[in-house]
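A.B. asks: Each chain, letter by letter, is given below.
Number of protein chains: 2
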Amino acid sequence: MAGSVIQQKLLPTLDFFLFEWLALDTLLERERFSDHSGETCRELLAAASEVAAEVFEPANRISDREEPSIDGDGEVVLPESTHQAWHAYRSLGIMGASHDDEHGGLQLPRLVDMAARVVFSASGPNVAPILLTESNAALILQHGSDEQRRVFALPQLEARWSGTMAMSESQAGSSLADILTRATPDGEGFELDPLGPRYRIIGDKMWISAAEHTLTENIVHLVLAKIPQPDGMVSADTAALSLFIVPKFMVGPSTELLEHNDVRLIGLNHKLGNRGIPNTALSFGGTAQNPRGAVGYLVGEPGQGLAQMFHMMNAARTEIGLLAASIGFAGFAVSLDYAKWRRQGRLRGVTSAEQVPIIEHADVKRMLLAQKSYAEGGIALSLYVAKLLDDQQTGSAEAASSAGALLDILTPVLKSWPSEWCLEGNSLAIQVMGGVGYTRDFPVEQYWRDQRLNMIHEGTHGVQAMDLLGRKVRQNGGQSLAELGAKIARTVLAGNEADFENESDALASAWESVVRAANHAWESGDPRDALANATPFLQGFGHVVIAWIHLDLAIAARSSSHSESAGRLAATNYFFTYELPKVNAWLNVVENREKLCRDVDGWSL
Amino acid sequence: MAGSVIQQKLLPTLDFFLFEWLALDTLLERERFSDHSGETCRELLAAASEVAAEVFEPANRISDREEPSIDGDGEVVLPESTHQAWHAYRSLGIMGASHDDEHGGLQLPRLVDMAARVVFSASGPNVAPILLTESNAALILQHGSDEQRRVFALPQLEARWSGTMAMSESQAGSSLADILTRATPDGEGFELDPLGPRYRIIGDKMWISAAEHTLTENIVHLVLAKIPQPDGMVSADTAALSLFIVPKFMVGPSTELLEHNDVRLIGLNHKLGNRGIPNTALSFGGTAQNPRGAVGYLVGEPGQGLAQMFHMMNAARTEIGLLAASIGFAGFAVSLDYAKWRRQGRLRGVTSAEQVPIIEHADVKRMLLAQKSYAEGGIALSLYVAKLLDDQQTGSAEAASSAGALLDILTPVLKSWPSEWCLEGNSLAIQVMGGVGYTRDFPVEQYWRDQRLNMIHEGTHGVQAMDLLGRKVRQNGGQSLAELGAKIARTVLAGNEADFENESDALASAWESVVRAANHAWESGDPRDALANATPFLQGFGHVVIAWIHLDLAIAARSSSHSESAGRLAATNYFFTYELPKVNAWLNVVENREKLCRDVDGWSL
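Which chain is which? The protein sequence lines are A and B, in order.
When we follow the UniProt record's numbering, the leftmost residue of the first sequence carries the number 1, and every step to the right adds one.
When we follow the UniProt record's numbering, the leftmost residue of the second sequence carries the number 1, and every step to the right adds one.
For reference, chain A alone in the conformation it holds in the complex:
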């Protein structure tokens, strides 16, 4: 781990979150986790940290300079260091960390699994399609047949194969109802294939991450397509979407690879950042050589595609939040380190021959505190959500139900908040380092570029906002909102008892503003009124959720002698003093059902 300022800072931070805040030791008492102890979890994180520092960190930089390219055989070429990173990761055997023993998993809590992903994401966000592979496998495990699980999911949990999610088309990005890719039954007896009802898929997909490479032997595409009605028509409706497993190479019963399926690479996108992960356009069948299309196996029932894909999409959204927070952390750690050794200027009232380390300047400390509160707030929320996933799976019936309601409402926040604020944090990392930060001699400019993707993929900010204000705050009679309100009230109470009266008052009042804004937004009953300001609502809501997380963290820190406690308290202080007061500016337009953006004639701008 020599020289990784990221990992040196990250491990104690995670340690505080897991053991001082989220009571991992107690969680490990559940039967499912009986093979594990706090100590083995610490060892796993330390091992992950070692690989991340030694292999992922250099690979991440190299993958930015040596972009994916297509060689003469049409194969996507990635740097050797990326292959090394994938193989080092695979050797750790933790792709299925949270999965069942019987599927080759380790039956670790999701909480520990996600902490390990933070470790990899902070050092090498660009080098491995980990998240897509695990969540692709998880989808198949949940919705697929036994044979689909065995053949398509388990090799992914070994990291022997990898997975993708193929949804978007050029005319259908956010608007999935407009998907044109079609799936037609593959002849007589198509429904009897042991791998599932066999279809032929014809269509072009784009924006698919990691859809072509040689890191793994095979790639499992999960493809959204429409099965035409008997008259040959397809409806422009998400209810028409079905989900298909489309492997790059056809597969025999012992998962041996057969001929290449009719899945062809159309091209690679050249991106601002996130360059290590090839982003592709794929063509499924429909060529002169193969007019019948690519072979795809239906998952579950026709018409269930979007609901099934949401399983993977929710996982992806959770992980984007985690990824964004991790990249934010990387920038924080690197600029923090720089601020400790770079000398510039002197303090007021102090005359010294030597300049002081810039960490002595108030404005630099402000920028570091901001980064810390954004990145660690985001990581903390990610881990909180991971623990909810554990509660959903292994908690009491009551805890599981509460966790489900909270996951519904927190997912759009976790997807969006770190994406927006850790981008600001990554910008501040550049700012702390000044001109040096603007050069490619240091990684902070790459972090900022990589980060910029996270507000876009897996549902843009605007899409998350519509999900939050349009669905999540209202669903089940507002159950999710009430459940979150109850959690916040509990923290407010604990804060009052732990000498955080000011913060508790501020949080309680901010939460009231959120609820009031949501209610007023929907007062007219017209979704156009409410949703015209969905994004400001998402922003205000997100800041209040993170304030809650920070207060909860500070309560844990106050009674802890952990090395991270002082920093935790400072970050909470910063967030309540400098950040939470921003909330009203966002929520007021929601509460007032401000109509400007709805009514203004865009063509006049």
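Any given hint could be a false lead.
Identical copies go unnamed one by one, so any copy, or any two together, can satisfy a pair.
[As the list claims (entries may be wrong)] Using 35 Å as the maximum straight-line C-alpha spacing, the simulated DSBU-like pairs for lysine-lysine come out as follows:
#1 Lys595 / Lys487
#2 Lys340 / Lys595
#3 Lys582 / Lys340
#4 Lys595 / Lys582
For the record, the hints were derived by calculation from the structure and aren't laboratory data.
The hints should help you fit chain B onto chain A, whose structure is shown.
C.D. replies: Frame of chain A; chain B shown alone:
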């Protein structure tokens, strides 16, 4: 101008600012401008726009991909398109647009000169060291001897030579007192050189923009260095700084080029953006071959270096604001255009087979309005400042004095506000365009990268904040603050009369908050108390200034039938509804003299 959506949108925008708002026609009645009319100014801008669209716009993209490199002869190689852009610019003959006839200038108002620079900056921010050359010449015209003017300034106003500003050293970025470069008298009779007292300069400088290239025949470096005291010591004090003209090639009396001066390129920086302009490290003398140093001619008196350099630095800061706003405008125009033809999704309550242009969506309109209010607010402030420069030069004594006071306080705002908010705007341009905006197929990702520099160079955000709260609001008994307050009060009054009561009230109240915050910040008399929150003060102050500009613009728009009026009113509405309410969160910490960032132990974070 075929295909430049930037210029097609920009020309009418500038037209509104110049003629409907800033009364250029009236300004042109001043004697200095008697050769010009509104019509000739429009023609000049149209000609500039043509060159910007046809030459600067493609060169800007190419210069990002083909970074400056050093060839076998040690020369910096720039793309051919950059040379074409410079020559096209030079052919227009407008480098000295605002300068005196006798210096080869056009005696146009600064207002028109700056509008033309917006035109070039919006299409090609990366391709030409225009601003440094003009302000280098202007410094020499103001502080140099007659002979220095003739030999070093006039060729720059022809764009035959170009200029730089060489201040920073590796140990002295923001901290200019720590400069180590030395200047010693160049032997017997050194003070009798016709080009000025001749010194030998020894030292290394870095972060110098456009310090080596072959766009021009010669390059005039303005170098800050210290003349040692008789005992050979130099004091660590900005009062020890003197300014020297150090040409790349030595120059004879007819400005003919002689031998290469001992100025050598050490290396080029590899940057996140702004790649078209080579950013260099230079070594001045002190080599084995030339131990005596590079020849430099003293400007004015010893010890005046920093004050003289501030002439150029203030000009540069003004232009960074203009540049930032222009890049913001480019992103706005490109994403606006995209939003008009890209179809995705449908409006609520409307069932149509065809998807709608995304400009119909409220959230897209919100992002366009934000960009418009940032970019056009920044351009409007730039032009307002340009008009103040005209008033300083050609207005009544009273107007000149008022303009000077306003320039002092508005310069840090103009430097910082567009740098911060047009970065956000450029990010929103990417967001409007989604995944496509994240690829290098469109220019918006480049704009965002290019823009990121502007919060750093020519004085970081933190430096501007210290200048504003530490000096400008307090200087001359608060004269500048009072002068700005009077201007704002006038707009508030006019707003009330023009049916903008709500906006007028909000602006008046926001201004009161600014003044209150400034007063409370200094109440303890301890600069550490006040300046711990200098950056939030700068942010709040900036938003209030831009709100004032927007209200003033809206008043002009309400009574105008100009094509841009409807958009103007919408942008003002947006800024007052969504942006101005953010101010209190920044100003409250200032008013409370919040001590967190001052007192927190940075090493604990």
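A.B. asks: Should lysine 582 paired with lysine 340 be assigned to within, between, both, or neither, using CA atoms and 35 Å as the limit?
C.D. replies: both (30 Å within a copy, 32 Å between copies)
A.B. asks: Is it within, between, both, or neither for lysine 595 and lysine 487, if the alpha carbons may be no more than 35 Å apart?
C.D. replies: both (33 Å within a copy, 31 Å between copies)
A.B. asks: At most 35 Å between CA atoms: does that hold for lysine 340 and lysine 595 within a copy, between copies, both, or neither?
C.D. replies: between (48 Å within a copy, 21 Å between copies)
A.B. asks: At most 35 Å between CA atoms: does that hold for lysine 595 and lysine 582 within a copy, between copies, both, or neither?
C.D. replies: both (21 Å within a copy, 19 Å between copies)
Of the numbered hints given earlier, the model fails none.
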